[in-house]
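Assemble chain P with the ligands onto chain U, guided by the hints.
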Amino acid sequence: MFGGIGPEGQRRLGQAHVVCLGCGALGSVAANTLARAGIGRLTIVDRDVVEESNLQRQVLFDEDDVRDALPKAVAAERRLRRVNSQIDVRGLVADAHHANIEALIAGADLVIDGADNFETRFLLNDACVKHGIPWIYGACIGSYGLSMVVIPGETPCLRCVVEGAPPPGLTPTCDTSGVIGPVVNMIASIQCAEALKLLTGQAHLVNRDMVTVDVWDARVQRMKVHALRDLGACPCCSHRRFEHLAAEHASQTTTLCGRNSVQISFPDDHTIDFDAVSARLAAVGRVQRNAFLLRCAIDTYDVTVFRDGRAIVEGTREPSVARSVYAKYIGI
Amino acid sequence: MTYLDNAATTFPKPRTVHDAASTFMQTLGANPGRGGHRLAAGASRMVEATRLALARFVNAGSTPERVVFAHNGTDALNMAIKGLVHAWHRDGRTHVVPHVVTSVLEHNSVSRPLEQLAADGVIALTRVDCDADGYLSPGVVAAAMTPATRLVALTHCSNVLGTVQPIAEIGAKVRERGGDAVFLVDAAQTIGVEPIDVEAAQVDVLAFPGHKALMGYPGTGGLYVAPRVELAPWREGGTGGDSKHPVQPGEYPHRLEGGTHNTIGIASLKAGLGFIAATGLDAIRQHETRLVSRLLDGLAAVPGVTIHGPRTAQRRVATVAFSVKGYASQDVGAILDTSFDIAVRPGLHCAPYCHQAIGTYPDGAVRASLGYFTTDADVDALADAIAQVAAAS
Ligand SMILES: Cc1ncc(COP(=O)(O)O)c(C=O)c1O
Ligand SMILES: [Zn+2]
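Sequence lines, in order, name chains U and P. Residue numbering for the first sequence follows the numbering used here, starting at 1 and increasing by one per position. Residue numbering for the second sequence follows the numbering used here, starting at 333 and increasing by one per position.
Same shape as in the complex, but just chain U (with noise of 0.2 Å):
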């Protein structure tokens, strides 16, 4: 047994109750993980279905998922009880949002960021710091990768180092950019080895410093990020002010009168770049775009964007797949 973890630590780990909330790539690698280490009672959110592109490098799922359309809680719930039937592991089909998301996470030792957008990033970290739950941001697009652990009350909250999400369609994503599987291992990895050192009681062992990793270019660094919760002026961890979880910036979704469709708009003024936001699209289907919209099919859905970063998405009349589609493919 690993000394740093040790008899004791593997029964702690064994009471822990741990959050992966999002199973794509590092929400898999991660769930798969922690379940192999023991962690006692997992709980995976996921709002999506299982899709083939997915295997390239979400490890909990195969092709009979794909094939059956299983939501991945549902997929990674039935894998991981065969990996470890000695532990108690549950999937939830659900789309985090402001209602939820302290439901969700209520009574977790440690939250697995496995989102695929910011604004669920965001909301997380206010929920977190709000309930005092420590939790591990995560992100990988392309060979490169970043991590930090949320220890709240004793290190820097999402927003002491980011301002806000960022604006919708600037951001690349997984699935229109791609992303490689060794940068999605090592960093769910890193999340998963801070994990087991805050869930076994070590947490002075624990780096206080962002991770990133470009595993093409071998290069891993650490980023001192400590001073920024000195400051004091981060509106959540310093002033408690919660604005995510207050849904002050929320994405609105709308199912349209109608058709059959879905349509989702952010509150504050953007600007949406064209030209970038079709380059990305242009991966994954046919863009048609004039001055005034732009349009791809994708999937079994047709997106249409607007000017400010608005879109619709036809084809489905459910809120939590606009957006999943919107993360996916759009960026949020």
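None of these hints come from the bench; they were simulated from the model. All C-beta atoms in this analysis are idealised placements derived from N, C-alpha and C, irrespective of residue type, glycine included. Keep in mind that the hints are not guaranteed to be accurate.
[What the hints assert, rightly or not] If you want the footprint, here are the derived chain P segments under chain U, 3+ residues with CB under 8 Å:
#, segment
1, 663-675
2, 690-700
3, 713-725
[Said to hold, decoys possible] Here are the simulated SDA-like cross-link-like pairs (lysine to any residue), alpha carbons at most 20 Å apart as the crow flies:
#, chain 1, residue 1, chain 2, residue 2
4, P, Lys657, U, Gly258
5, P, Lys414, P, Leu449
6, P, Lys657, U, Arg289
[To be verified] What follows is a set of in silico ranges between Cβ atoms, one per label pair, in the way DEER data are often shown:
#, chain 1, residue 1, chain 2, residue 2, range
7, U, Ala291, P, Arg377, 52 to 60 Å
8, P, Ala633, U, Arg286, 28 to 36 Å
9, P, Ala633, U, Ala291, 17 to 25 Å
Same frame as chain U, but now just chain P with the ligands:
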């Protein structure tokens, strides 16, 4: 922002409306109540003065107590429809299922309560069609009536097409055909622009919101109930007097007005009526007629644009529904908002049967609705934007 969604609610409101609302809340903001303290009495006077002004506005000035306040158009319509049904059940005349005539032009605030009552077997429902331009024919309405018809519920104006219906002719026919059938008119899109005379049109029940052309705040509305009509209260509660009655008192307006009034809204409505009086209903209507004519011309000149409903400015309010070739209505709405800063309303406008009738279901249409504060420049901005959008398709 060019605001062309006045059919949903007017914006902006006259300055005097905000002043009146604010002054009321800062000086008299008490709960109105008869025989109460000075503030309560003052609030009560304001409410009653508004009631009287509204009654006179629709030519029911001799029975102001028959005008009751509601929280919006929908609330007034529900009070009317459910109140009638309840009253029929009370008087026991329901051995024959009561028959109701309505039209394809109705807003969901009429259609949905009626459809639900029909689905529950409480009423039998007939929905009459409109003509190709979006007008109801008095003859067609009368022909749909049967001996069992107890209610004819029609809109004064389509909120999609802007077509103003011949309610006086219809009212006469309804009275002629069915002795005690109630003629309910939804004046949501006309009150404050078109003259309304409940006497002349033989309207038994008139429902209206206060926040559209009447220029009051959202959360206001009203219902006129002719003395010949018995309406059971749908909302029961305190009336600021008569507290010893075990049930809702019989006299109007208290019969239908349980609960604290939306006094800030009523104060705004009073100022809205004052604004209309000072401006002149004729001047308001002429302004809107001139503008809608300009808009119709502007849109008709754009290749790829289809105007739904009549192309002329007569017998209509300043609401125009149209489609642009190559675009879904929601796309046009989003483009106007995001690229031109113009607010219109795409979709079905809570009037699915109307869109079915004009062949725009389920995608809907784009609706531009002008108001008294709309300018020539606003109209031109829309026509110009639509020309650019259509050309880019
Ligand atoms: C014809 C018609 N009836 C009823 C209503 C309902 O009014 P409110 O929105 O005040 O409930 C509207 C408003 O949109 C309408 O246009
Ligand atoms: Zn912070």
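Results of checking the hints against the structure:
Only residues whose C-beta sits within less than 8 Å of a C-beta in chain U count toward coverage, and the segment 663-675 of chain P has 6 of them, enough to reach three; the restraint holds. Figure legend: the segment 690-700 of chain P, annotated as covered by chain U; annotation consistent (4 residues with Cβ-Cβ distances under 8 Å, at least 3 required). Counting residues of the segment 713-725 of chain P whose beta carbon lies closer than 8 Å to any beta carbon of chain U gives 4, which meets the minimum of three for the stated coverage. In summary, the hint linking Lys657 (chain P) to Gly258 (chain U) is supported, as the alpha carbons are separated by about 18 Å, within the 20 Å threshold.
Among the hinted pairs, Lys414 (chain P) with Leu449 (chain P) is consistent with the structure: their alpha-carbon atoms are about 9 Å apart, no more than 20 Å. Using a Cα cut-off of 20 Å, the hinted pair Lys657 (chain P) and Arg289 (chain U) holds, with the two alpha carbons roughly 16 Å apart. Between Ala291 (chain U) and Arg377 (chain P) the beta carbons are some 57 Å apart, a value that agrees with the proposed interval 52 to 60 Å. One distance hint, 28 to 36 Å for the beta-carbon pair Ala633 (chain P) and Arg286 (chain U), holds here, with the actual separation near 33 Å.
Separated by about 21 Å at the C-beta atoms, Ala633 (chain P) and Ala291 (chain U) satisfy the suggested range of 17 to 25 Å.
When each numbered hint is compared with the structure, no violation occurs for any of them.
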